[in-house]
Every structure is written in C-alpha cells, then in structure tokens.
Amino acid sequence: MKTVQVEYFAVLRERTGVPVETIETAAEKASDLYAELQQRHDFPELASLKVAINDEFADWDAALCNGDSVVFIPPVAGG
Amino acid sequence: MKTVQVEYFAVLRERTGVPVETIETAAEKASDLYAELQQRHDFPELASLKVAINDEFADWDAALCNGDSVVFIPPVAGG
Amino acid sequence: MNGFRIQSAALQPNVDRAMLQSEACGGFVSFEGWVRNRNEGQDVLRLEYQAYEALANKEGNRIVAEALQRYPIEHALCVHRVGALEIGELAVWVGVSAGHRDEAFRACRYIIDEVKHRVPIWKKEHYLNGDSGWVNCEACAHPGHHDRPPEKSKEPGA
Amino acid sequence: MNGFRIQSAALQPNVDRAMLQSEACGGFVSFEGWVRNRNEGQDVLRLEYQAYEALANKEGNRIVAEALQRYPIEHALCVHRVGALEIGELAVWVGVSAGHRDEAFRACRYIIDEVKHRVPIWKKEHYLNGDSGWVNCEACAHPGHHDRPPEKSKEPGA
Chain V
2 MKTVQVEYFA VLRERTGVPV ETIETAAEKA SDLYAELQQR HDFPELASLK VAINDEFADW
62 DAALCNGDSV VFIPPVAGG
Chain F
2 MKTVQVEYFA VLRERTGVPV ETIETAAEKA SDLYAELQQR HDFPELASLK VAINDEFADW
62 DAALCNGDSV VFIPPVAGG
Chain G
43 MNGFRIQSAA LQPNVDRAML QSEACGGFVS FEGWVRNRNE GQDVLRLEYQ AYEALANKEG
103 NRIVAEALQR YPIEHALCVH RVGALEIGEL AVWVGVSAGH RDEAFRACRY IIDEVKHRVP
163 IWKKEHYLNG DSGWVNCEAC AHPGHHDRPP EKSKEPGA
Chain R
43 MNGFRIQSAA LQPNVDRAML QSEACGGFVS FEGWVRNRNE GQDVLRLEYQ AYEALANKEG
103 NRIVAEALQR YPIEHALCVH RVGALEIGEL AVWVGVSAGH RDEAFRACRY IIDEVKHRVP
163 IWKKEHYLNG DSGWVNCEAC AHPGHHDRPP EKSKEPGA
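Chains as they are written, first to last, in the numbering used here: chain V, 2 to 80; chain F, 2 to 80; chain G, 43 to 200; chain R, 43 to 200.
Just so you know, the hints here were simulated from the structure itself, not pulled from any lab data.
No residue lacks a Cβ here, since even glycine has one placed at the ideal position from N, Cα and C.
Treat the hints with care, since some could be wrong.
[Stated by the list, open to error] Residues on chain G that point at chain R, a partial pick, calculated with CB under 8 Å:
(1) Arg47
(2) Asn56
(3) Asp58
(4) Ala60
(5) Gln63
(6) Ala66
(7) Phe73
(8) Gly75
(9) Asn79
(10) Arg88
(11) Arg104
(12) Glu131
(13) Phe147
(14) Tyr152
(15) Ile154
(16) Arg160
Next comes chain V alone, as it looks inside the complex (with noise of 0.2 Å):
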C-alpha cells in the first residue's frame, strides 16, 4: 500500500466535494488509481481525461509512488 494526494478540479471536483484527498492505494499504475476513484466518486471515463504526476503531464501507464501527488484532468476549456 501507498499513500498519495489527489487533488481535483471541475466536474471531478464537483463529484467529489472536496478539492483534495489523501488515498491509500494499492494501485499500481496512474490508470488503475482512476479505475478505483471512478467507482467510488462516479467519474467520468478515463478515455477523454490526461494526468498528472507531481506537476507534470504523465503517462496513464505511469507508476504511482509512495507520495506522489496526482491530478486528473477533464478535457480543457480555458480562453
């Protein structure tokens, strides 16, 4: 198991009424952590997210590590 800190934004941050969790995982990869938050928080499908690991775009193939900060990101509508 691994502790990592999520945090959320628009309609994620919506389903879950909170803007920052704290989560412990056994979740291998960044996919396999959105599968689990998926069913929990009724999200959307991963298909038409990104993530991201400590600040930085990454892979959904990405190993989550003890610590990690993770966000996952609906599809971008900013200007």
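Model the placement of chains F, G and R on the given structure of chain V, informed by the hints.
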C-alpha cells in the same frame, strides 16, 4: 484648353514645392497631363504611379474635363 | 517580459501591452477573449474559470517559449483570468511584438490556439435557464447534476 | 462603430477598443503599427506620414466594409495617424471583434494588409545619417535631394 486643379503629395510635393497648382492644359487624358508636368517638375516615371480624378481612382486613359481635380499617387506606404 | 501568468484580478491589457514595447518592433498583435452572452445556442449568465495553476503555468510558459523559438518575434505574453467572470469581461489576453506584422499575427494565433488546447484551465457556464455545465466535457453530463447535454464539438470554444 | 479614420492627434487604442465591445463577441484582435528605429538597414530618427485624406478615407472605409462582408465579424475599425511621429509612436491601429477568434484574426490581417497596399498614405523616413526618403518609392531616388537608394522590395514595409 481646360483648367484643372492638381494636388501634390509626398515626393511630388517635394519636387513642385507647392501642395496644389491650377493648370491650363490641352491634355486630353490624365497620362497626357502627367507627361506635361513630368517635364516641368522632374517627376518619376508614370509606371509606378496611380491617378485619381475628383477624389476617386481613375484610369490613366480617363478623359480630363474642365474643372477636374487631379491627384497623382506615388507608391503608398501607410501602416 | 515574456511568459504566461494566471490571475484572479481583472486583466489590465494596457499595463501588459506597455511591457512588450520595443523600439525595434514595427508590429504588435493582441488577442482578447471576452465572455460571451451565448454559447452553443444557450444564453449564458456568467462564467467560472478554474485552473490547475502549477501545471497551467508550466504549460503556458512552454507555449510562449515555443512561439519565441518558432517565430522571429521580440516579446510574447499571455495572461489568463480565473474565478467568477461576468458577460463582457476579459478572460484571456495575448500580446506579441515583432519586427514585422506577419510574425506577430502568426505567433499570437499560435499562442492562443495552444493555450486553449493544452493548458489545464476549465470553464463552467451558468445558463439563463438555471442549468450549468463544464465546457468541452462531453463525459461530464450527469443526470441529476443539471449539467447540459453532451457536446459534439471537438474544438474548444471561440 | 465600423470604419476608417485619419487623425493627426496621438491614437488612443483604449478609447477605440471600447467602441468595438459587444456582449455577443468572444474574440477581439488588434494590430498596432509602431514606428521602428531601423528600416532596411538604416537607423531611423523620426517619421512623417502624409495622406490624401479625401481618397484615403474612401478607400479605407471600403476596405473595412469588405472585411465586414467577407468575414462573420461584429465590428471593425482602423485609425491611421498623420504628421510627424517619433520612434515607438503608434502609426496605425486596427481592431476587430467577432463571435469567434478565427474570423477576428483573419479580418484584422485583411484590413491591415489592404490598408498598406491601397490607401494613399505616404511615409517619409528621416535617418541618423542626415538622409531622408519616401518609403517604397523606387522611382523617387533623385541625386541632390538626399533621397536614399532605390528599394528593391515590392512589399510595403512591416
């Protein structure tokens, strides 16, 4: 013979030394008038210029009428 | 004075524009994104922008650096607002100064296009009919949340 | 608030920009032409713009009308300065507001390109070395008038 008013801009005004002249001329066409003035004022070749009659772009072949106002237009450089 | 920045205070294009001036520059192009009163056929009351600031600043600064590398320009700056915005307010400003106008136009266009596609900033529209929705998020529609119907558009906004 | 205008007073882009705002517009693009300190390899001290105002206003307004017809934009305005200008001063300003940014960029570019090619306005540059010359006038070079050498460029300036 007809009387036309010719207004000068840019390099042409520098060559004539005056912004406007009233000219008695036998010139039939705008190009004839330019040829006449070119000799008197050492104007550049006609090919690079345009002409306006009564504040509208005109053909060099346009007939001149008594009382017309004529402007010869060197290459523009606004902006 | 090059880069990207996020702020919650109202943008001041005059102040930022002055920072891009240079005696070597003959051309300056700026883009302003304003909050419209309609989008996708719905009457919009107000907007809310949210940013993942740490990554948005990184990605925004990368985009401006790319523009400076691709085009022979002098200065380039992009400022994006976050928080609650009213109709007509300025949401994003891009300014580019260059020796010649062609490069200024192209670099300005590059920056706003890339910012809209890549920078993690989200926009929630609040509609006249009481609904609201996160723009461009087809997957966000959710019965019971008063989100608007899924969007078909792949192009992010104006 | 659409059109073209010439003025000898300093341009005020903020004032004109405010006239183009509309709640239906999501995008605004502006171009500014500044007086550069160098052109075609020579150090420029100052500039002098001269306009054939009656025809310049007609042609300028035609160009803006063309832009409004060609592109789905809301407002378009171009203001050109005449008289003596110092380095760094604003010589021409174009502003375009539109529902979407693509049209605003394209219409703004169209207007400045056409204005530079078609509107009877002339620019005289005064150089550090004491020479001066009417820009773009290849035929204007004239021994004894301290005009600069003929230009090869067919493209009118920045």
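Checked hints:
| no. | hint | in the structure |
| --- | --- | --- |
| 1 | Arg47 | violated (20 Å) |
| 2 | Asn56 | holds (6 Å) |
| 3 | Asp58 | violated (13 Å) |
| 4 | Ala60 | violated (11 Å) |
| 5 | Gln63 | holds (6 Å) |
| 6 | Ala66 | holds (6 Å) |
| 7 | Phe73 | holds (5 Å) |
| 8 | Gly75 | holds (6 Å) |
| 9 | Asn79 | holds (4 Å) |
| 10 | Arg88 | violated (12 Å) |
| 11 | Arg104 | violated (21 Å) |
| 12 | Glu131 | violated (10 Å) |
| 13 | Phe147 | holds (6 Å) |
| 14 | Tyr152 | violated (11 Å) |
| 15 | Ile154 | holds (6 Å) |
| 16 | Arg160 | violated (16 Å) |
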